[in-house]
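Trainee: Sequence:
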Amino acid sequence: MSELSHEKAVQEIPQKGFFGHPRGLGVLYTVEFWERFSYYGMRALLIYYIYYNVSQGGLGLEKTFAQSLIAVYGSLIFMTSILGGWVADRILGTRRSMFYGAVLIIIGHICLSLPFGLTGLLSSMFFIIVGSGLMKPNISNIVGRLYPKDDSRVDSGFVIFYMAVNMGAFVSPLVLDHFRNVGNFHGGFLIAAIGMGLSLLFYLLFHKRNLGRIGVAPPNPLSPAEKKKYGMIFGLITAVIVLVVAIASMTGTLSFNLVSLIVLVLGFALPFVYFTIMIVSKDTTDVERSRVIAFIPLFIVGVIFWSIQEQGANVLAVYADEKADLAFNLFGWESVFPVTWFQSINPFFIVVFAPVISWLWRRLGRFEPSLPIKFAIGLFLAGSSFILMMGVIYAYNDANIWFVWIILSYIICV
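Residues 1 to 414 in UniProt numbering are what the sequence shown spells out, letter by letter.
Everything labelled a hint here was simulated from the structure, so no lab data went into it.
It cannot be assumed that every hint is accurate.
[As the list claims (entries may be wrong)] Here are the simulated EDC-like pairs of lysine to aspartate or glutamate, each with C-alpha atoms no more than 16 Å apart in a straight line:
#, residue 1, residue 2
1, K149, E7
2, K208, E12
3, K63, E322
[Said to hold, decoys possible] The calculated label-pair distances, taken between Cβ atoms and stated as ranges, are:
#, residue 1, residue 2, range
4, I377, D155, 13 to 23 Å
5, V159, I377, 36 to 46 Å
6, A217, T276, 41 to 51 Å
7, L114, S55, 17 to 27 Å
8, V242, H178, 41 to 51 Å
9, L371, L114, 37 to 47 Å
10, W361, P271, 44 to 54 Å
11, A248, Q56, 30 to 40 Å
12, D155, I241, 22 to 32 Å
13, L298, V159, 12 to 22 Å
14, N184, V351, 42 to 52 Å
15, F295, W361, 17 to 27 Å
Glycine residues also receive a C-beta, built at the ideal position from the N, C-alpha and C atoms.
Let's have the full structure, built from the sequences with the hints guiding it.
Mentor: In structure tokens, the structure reads:
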């Protein structure tokens, strides 16, 4: 969409109606809340579902396999966001990409909610990986395009939008764990499917009048020649994958470790290829090229930060289940802290700390740290959360640790 047509599309939608922001932001806020509710609630249960015994409602698989599978799963969700952005930009447009992604995510959650065992698990992962790749980057893109050029409300609009992410992520482990306890894991996963269904339903009911034409057409559609070219490339890649899988199966070398290795290689290769294409592209201006190059160090720091952050739903989640003393007595009320509730701590304190940090930066005025310094502080704190856990584990000498230490670790990593 050209600059002129974008401005016309913006003028066609209500620019007030959601806390002084475009009404479309309220639609996207609700859609994102329920999508994140479904994802983070499912993720809070998933690793335990994989390795808990069949008598506990799980699949009874090896714990190390469960951790590796969750790691690969999370990596692929992030990786497919790159492809999802490209598909929206060149083929479907952001709105249709988001819609198809939501449908696939619902199918994925339904697969998990049914007692199909390992087949249901792997099918669910496939649909949610592809669906998240289509939806995750594109809904954020639409948020930015709701506003006229140079509108001062954009930053606060994104703050409101990301509150939806964290509110959904905070509430869902609490809710899904309840349904898991009164039923089973599949009951919890069914609630995730319902949450995603509500997300899609709300979008279908309100998107036309509040989002107008924004994101409908692909900004840079493929030409007929490019369609033929990329069709051949896609076909070739598919053929190579099928051939490699077939050979690995026949030779007995096909294993989860091989898949993990391939994902690891792709994790390094895809960003390198992506940045290289943007830098050398003839469509990239000199200003854009310099900005891309300046962004690369921040990207690397971001990768390290999220690598640490994602351990909260993997390594730390398993450790909490195995080695945390979850019993507590609060003013005579004795209970046990549910292990899945640890996943609500990070988003809860993001919501709590965000306005405090925002106030602090404003208070500092011209002494406010630069963006790279803020990144460095965040990375230092994330690393410190695991240094804390190392010290606690050493001090307890392999005994069960007080669960509050784990809570503190999650808080520091915020």
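Trainee: Look at each hint and say if it fits the structure.
Mentor: Here's how the hints hold up against the structure:
no. : hint                    : in the structure
1   : K149 / E7               : 8 Å, holds
2   : K208 / E12              : 11 Å, holds
3   : K63 / E322              : 11 Å, holds
4   : I377 / D155: 13 to 23 Å : 20 Å, holds
5   : V159 / I377: 36 to 46 Å : 19 Å, violated
6   : A217 / T276: 41 to 51 Å : 28 Å, violated
7   : L114 / S55: 17 to 27 Å  : 20 Å, holds
8   : V242 / H178: 41 to 51 Å : 43 Å, holds
9   : L371 / L114: 37 to 47 Å : 46 Å, holds
10  : W361 / P271: 44 to 54 Å : 29 Å, violated
11  : A248 / Q56: 30 to 40 Å  : 33 Å, holds
12  : D155 / I241: 22 to 32 Å : 42 Å, violated
13  : L298 / V159: 12 to 22 Å : 19 Å, holds
14  : N184 / V351: 42 to 52 Å : 30 Å, violated
15  : F295 / W361: 17 to 27 Å : 21 Å, holds
Hints 5, 6, 10, 12 and 14 from the list above are not met by this structure, while the remaining hints are.
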